[in-house]
Amino acid sequence: GAVVSQHPSRVICKSGTSVKIECRSLDFQATTMFWYRQFPKQSLMLMATSNEGSKATYEQGVEKDKFLINHASLTLSTLTVTSAHPEDSSFYICSADHSGGGSGELFFGEGSRLTVL
Amino acid sequence: AQTVTQSQPEMSVQEAETVTLSCTYDTSESDYYLFWYKQPPSRQMILVIRQEAYKQQNATENRFSVNFQKAAKSFSLKISDSQLGDAAMYFCASYNNNDMRFGAGTRLTVKP
Numbered sequence: 001g002a003v004v005s006q007h008p009s010r011v012i013c014k015s016g017t018s019v020k021i022e023c024r025s026l027d028f029q030a031t032t033m034f035w036y037r038q039f040p041k042q043s044l045m046l047m048a049t050s051n052e053g054s055k056a057t058y059e060q061g062v063e064k065d066k067f068l069i070n071h072a073s074l075t076l077s078t079l080t081v082t083s084a085h086p087e088d089s090s091f092y093i094c095s096a097d098h099s100g101g102g103s104g105e106l107f108f109g110e111g112s113r114l115t116v117l
Numbered sequence: 001a002q003t004v005t006q007s008q009p010e011m012s013v014q015e016a017e018t019v020t021l022s023c024t025y026d027t028s029e030s031d032y033y034l035f036w037y038k039q040p041p042s043r044q045m046i047l048v049i050r051q052e053a054y055k056q057q058n059a060t061e062n063r064f065s066v067n068f069q070k071a072a073k074s075f076s077l078k079i080s081d082s083q084l085g086d087a088a089m090y091f092c093a094s095y096n097n098n099d100m101r102f103g104a105g106t107r108l109t110v111k112p
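Top line first, the protein sequences correspond to chains A and B. In this text, residue positions in the first sequence follow this note's numbering: the first is 1, and each later residue adds one. In this text, residue positions in the second sequence follow this note's numbering: the first is 1, and each later residue adds one.
Source of the hints: derived by calculation from the structure; they are not laboratory data. Every value quoted in this text rests on a predicted model; they were computed, and no experiment measured them. Ideal placement from N, C-alpha and C gives every residue a C-beta, glycine not left out. Heads up, none of these hints are tricks.
One-sided excerpt, in silico: chain B residues whose CB lies under 10 Å from chain A:
1. GLN6
2. LEU34
3. TYR37
4. SER42
5. ILE46
6. ARG50
7. ALA93
8. SER94
9. TYR95
10. ASN98
11. ASP99
12. MET100
13. ARG101
14. PHE102
15. ALA104
16. ARG107
In the DSS-like style, the derived pairs of lysine-lysine whose C-alpha atoms are separated by at most 30 Å in a straight line are:
17. A:LYS41 to B:LYS73
18. A:LYS66 to A:LYS41
19. A:LYS14 to A:LYS64
20. A:LYS20 to A:LYS41
21. A:LYS20 to A:LYS66
22. A:LYS41 to B:LYS111
23. A:LYS66 to A:LYS55
24. B:LYS78 to A:LYS41
25. A:LYS14 to A:LYS55
Covered by chain B, per the in silico footprint, the following chain A stretches (three or more residues, Cβ under 8 Å):
26. 36-44
27. 90-97
When you get a sec, could you build the whole thing from the sequences and use the hints?
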């Protein structure tokens, strides 16, 4: 089946630094990718929808200057957490739409655990 | 806007028995899709079952089946012959127009 890969799976950084997380669709092209954030024992909260070749659509309350999303190709979307702080520590999950849009055939990456010291 | 509600934070089932996880949703769309995802301790999201809203027939995948009540906006998951490997967090989700929303999740414990 379709595979979505996230990298890195774990990252630890110092407060004030920036961290980039990559989400790749390995065997299909994805015009749309989604970024979620998951706190411990909680559900997935949609942060933004990443559209290839255009600006991402951010959910209300998500700072677009804090969480930079780039979807430069049909197989890669990146999330950069800028000037990270301890409250940004979380599990970040991406997903990619395999169907080309509309039917919700989403495949999820393995997730990236960010720890900000 | 879509909302998904899972009212059971935790459920427990005896191995080989059957358990039903509840989910209700709300959407103003007529065309949408419903899902159940499993999230084991590895945190990898695994698709369990998918239902197109326009289909009246309940989706089935081996030991997993759903009871889709469109008028009541209910979408419960039944797991038959529960196995130890079924223990995980289960999330109900609703999708339409490039927008997927998840419920709060139900933690399923399987007792040997």
